[in-house]
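Trainee: Sequence:
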Amino acid sequence: MTVNRNLFAREAIAQIPTILTLLDRNPHSPTYGCFDRNFWHYKIIDFPSGMAQEFVWPLALAYNTKIADNPFYQKPAIRDWVEAGILYAARSAHADGSCDDYFPYERAGGAAAFSLLACIESYAELKLNNQEAIQFFKKRADWLASHHESGQLANHQALIALCLQILGQLLETSQWERAKTTRLERVLSWQSEEGWFQEYSGCDPGYHTLTIYCLARMYEMQPGDRLKKTLVKAVKLATQFIHPDGSYGGEYASRNTYNFFPHGFELVGKWMPAALEINDRFLKGLAKGLAPCYADDHIIGHHTWNYLLAWRDFMPERPEPLPRPIGRIWLEEAKIAIDRRNPETELYIALNKGGVFKLFRHGALVASDTQFSLQVSRGGKLKNTIGHAIDDYQFELKENEISIVGSLGWAKQTQMTTPNLLLLRIVMVTVGRFFPNLIRKLLQKMLITGKEPAPFHFIRRLRWVEGRWHLSDELIAESWDNVTAVGIGGDQTSIYVVMSRTFQCGQLQPWLDLTAEIGKLKPGQALKVERIL
Numbered sequence: 003m004t005v006n007r008n009l010f011a012r013e014a015i016a017q018i019p020t021i022l023t024l025l026d027r028n029p030h031s032p033t034y035g036c037f038d039r040n041f042w043h044y045k046i047i048d049f050p051s052g053m054a055q056e057f058v059w060p061l062a063l064a065y066n067t068k069i070a071d072n073p074f075y076q077k078p079a080i081r082d083w084v085e086a087g088i089l090y091a092a093r094s095a096h097a098d099g100s101c102d103d104y105f106p107y108e109r110a111g112g113a114a115a116f117s118l119l120a121c122i123e124s125y126a127e128l129k130l131n132n133q134e135a136i137q138f139f140k141k142r143a144d145w146l147a148s149h150h151e152s153g154q155l156a157n158h159q160a161l162i163a164l165c166l167q168i169l170g171q172l173l174e175t176s177q178w179e180r181a182k183t184t185r186l187e188r189v190l191s192w193q194s195e196e197g198w199f200q201e202y203s204g205c206d207p208g209y210h211t212l213t214i215y216c217l218a219r220m221y222e223m224q225p226g227d228r229l230k231k232t233l234v235k236a237v238k239l240a241t242q243f244i245h246p247d248g249s250y251g252g253e254y255a256s257r258n259t260y261n262f263f264p265h266g267f268e269l270v271g272k273w274m275p276a277a278l279e280i281n282d283r284f285l286k287g288l289a290k291g292l293a294p295c296y297a298d299d300h301i302i303g304h305h306t307w308n309y310l311l312a313w314r315d316f317m318p319e320r321p322e323p324l325p326r327p328i329g330r331i332w333l334e335e336a337k338i339a340i341d342r343r344n345p346e347t348e349l350y351i352a353l354n355k356g357g358v359f360k361l362f363r364h365g366a367l368v369a370s371d372t373q374f375s376l377q378v379s380r381g382g383k384l385k386n387t388i389g390h391a392i393d394d395y396q397f398e399l400k401e402n403e404i405s406i407v408g409s410l411g412w413a414k415q416t417q418m419t420t421p422n423l424l425l426l427r428i429v430m431v432t433v434g435r436f437f438p439n440l441i442r443k444l445l446q447k448m449l450i451t452g453k454e455p456a457p458f459h460f461i462r463r464l465r466w467v468e469g470r471w472h473l474s475d476e477l478i479a480e481s482w483d484n485v486t487a488v489g490i491g492g493d494q495t496s497i498y499v500v501m502s503r504t505f506q507c508g509q510l511q512p513w514l515d516l517t518a519e520i521g522k523l524k525p526g527q528a529l530k531v532e533r534i535l
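To get this note's numbering, take the position in the sequence shown, counting from 1, and add 2.
Accuracy of the hints is not assured; some may be wrong.
Cut-off 25 Å, straight-line C-alpha distance, at most; resulting in silico cross-link-like pairs (PhoX-like, lysine-lysine) [to be verified]:
1. K45 - K77
2. K235 - K272
3. K272 - K230
4. K140 - K129
5. K414 - K383
6. K231 - K290
7. K414 - K453
8. K68 - K272
9. K141 - K129
10. K337 - K453
11. K129 - K77
12. K235 - K337
13. K385 - K453
14. K238 - K272
15. K530 - K385
16. K337 - K414
17. K238 - K337
18. K530 - K400
19. K231 - K140
20. K272 - K385
21. K129 - K68
22. K383 - K453
23. K383 - K337
24. K385 - K522
Just so you know, these hints were derived from the structure itself, not from any lab.
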């Protein structure tokens, strides 16, 4: 398989002007080095996001990426701005080394870990010599070593472990060895027998690739049999989620992301060549414009630095692609089925999300379905009820039939209002600053976890008949009186996940509007939809 390694670098370098626009580049400014443009330029928020300082890493890597059409290579200004960004991370942090992300005194573990990793790696990449930065690294590492956030997010634990290992190596100290081992042990214990790592309520192939990256970096520095076995199992699982068109992940995952961090596969590919095939397939999709867009002010950095690392460590010898395995792969713990009936047809379906699925034929996406969505008049307001919330649905898997039965749930559509914003600020600047993890836990429950059932039920059946999937949907309601709209979308999600709801070309399929069918229904009659895919 012929692939173009330079696609990784070109995609990443294209993001650098945006990142530089987000940066305060004025050495005489009190916020010199800040990447949160909403704070330093627009002045529409009252604190800078600590996560934004992660953007030093793409700049540091761009500085050292020797490739045609890279105007940032070896430019002294880039080096100066990276150092300024590291120092702003230090000066804007709390006294204990922590930082905020979405609200003041949040002390966000993910933002602290992402930005510390970026600062340490940038410091080493550019061979800087700054004691203020070193003291900041130590302080933040101490805080991360003792901080325990709510929720099961394997990628955060892996990031923290990686930070502590890299910093310990940089400073030639074992100061954080015990804390690193504890975090790593937690990640390994959160790996299912099927190979995936826990992300809130289950398996998210996107964040899975970030955890693989972190563990692969740790293995490079400190090889071990257990870590190697963990990586082998994780990578084998990841091979199943690279779609035939080169896209990856999506709404059938627990966190709805299209994340793809390729660098870990290049590192593992040094001793497990099969890992390289994942990147080769992804590059084919990248060449066709199928990569998701992460170019917003908050998340543009993650994939930029990882793409540049994948370009730098790209393995020259690549294995020939293996045929796609035919048959059904049933991930019982994840409750995801991957059904490859023949070389032409592949189905990815989440049975814990009401049968959300993606269907590919002849290497292209032909259908993406995120279940029923209704607008319902409730309490004088329009509410949204959906069929894709994670739940313990009843389902049955047969050789040629898949069926799922369950109830719809009310979508999480809470918006920040002026009273809510004021209340959150008052709470956080008074008692909340002492209990940030409790506030985080409450917000997670409100925006991410948990499901409130709605008075609507569905039956979804997929039957394999004469080389096609026949889809039968049935929506049952006690009354249709308050239902104002019904449809089925291809990319609808309803929980809050930072890296979700990004645009990807597969989302261009039209919304299936079923609203007109409601008027034809008698009281108690079910809405039925038949499709051949």
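Trainee: Take a quick look at whether K383 and K453 sit within 25 Å of each other, Cα to Cα.
Mentor: Between K383 and K453 the Cα gap is close to 19 Å, so the pair holds against 25 Å.
Trainee: Need the status of pair K385, K522: alpha-carbon distance at most 25 Å?
Mentor: The given pair, whose Cα atoms are some 22 Å apart, holds under the 25 Å limit.
Trainee: Decide if the proposed pair is consistent with the structure: K129 and K68, CA atoms, cutoff 25 Å inclusive.
Mentor: holds (17 Å)
Trainee: Do the alpha carbons of K235 and K337 lie within 25 Å of each other, as the hint requires?
Mentor: holds (18 Å)
Trainee: Compare the distance between the alpha carbons of K272 and K385 with 25 Å, and conclude whether the hinted pair is satisfied.
Mentor: Not satisfied, since the Cα-Cα distance of roughly 51 Å exceeds 25 Å.
Trainee: Going straight from one Cα to the other, do K238 and K337 come out at no more than 25 Å?
Mentor: At roughly 17 Å apart (the allowed maximum being 25 Å), K337 and K238 satisfy the hint.
Trainee: Given the proposed pairing of K385 with K453, does the C-alpha separation stay at or below 25 Å?
Mentor: holds (14 Å)
Trainee: Is K68 close enough to K272, meaning Cα to Cα at most 25 Å?
Mentor: Holds: K68 and K272 sit about 22 Å apart, inside 25 Å.
Trainee: Given the hinted pair K238 and K272, is their Cα-Cα distance within 25 Å?
Mentor: holds (15 Å)
Trainee: Take the C-alpha atoms of K383 and K337, compute the straight-line distance between them, and say whether it is at most 25 Å.
Mentor: violated (34 Å)
Trainee: Hint check: K530 vs K385, CA-CA at most 25 Å. Holds or violated?
Mentor: holds (22 Å)
Trainee: Holds or violated: are the alpha carbons of K235 and K272 at most 25 Å from each other?
Mentor: The hint holds at about 16 Å.
The structure is inconsistent with the numbered hints 1, 6, 19, 20, 23, although it conforms to all the rest.
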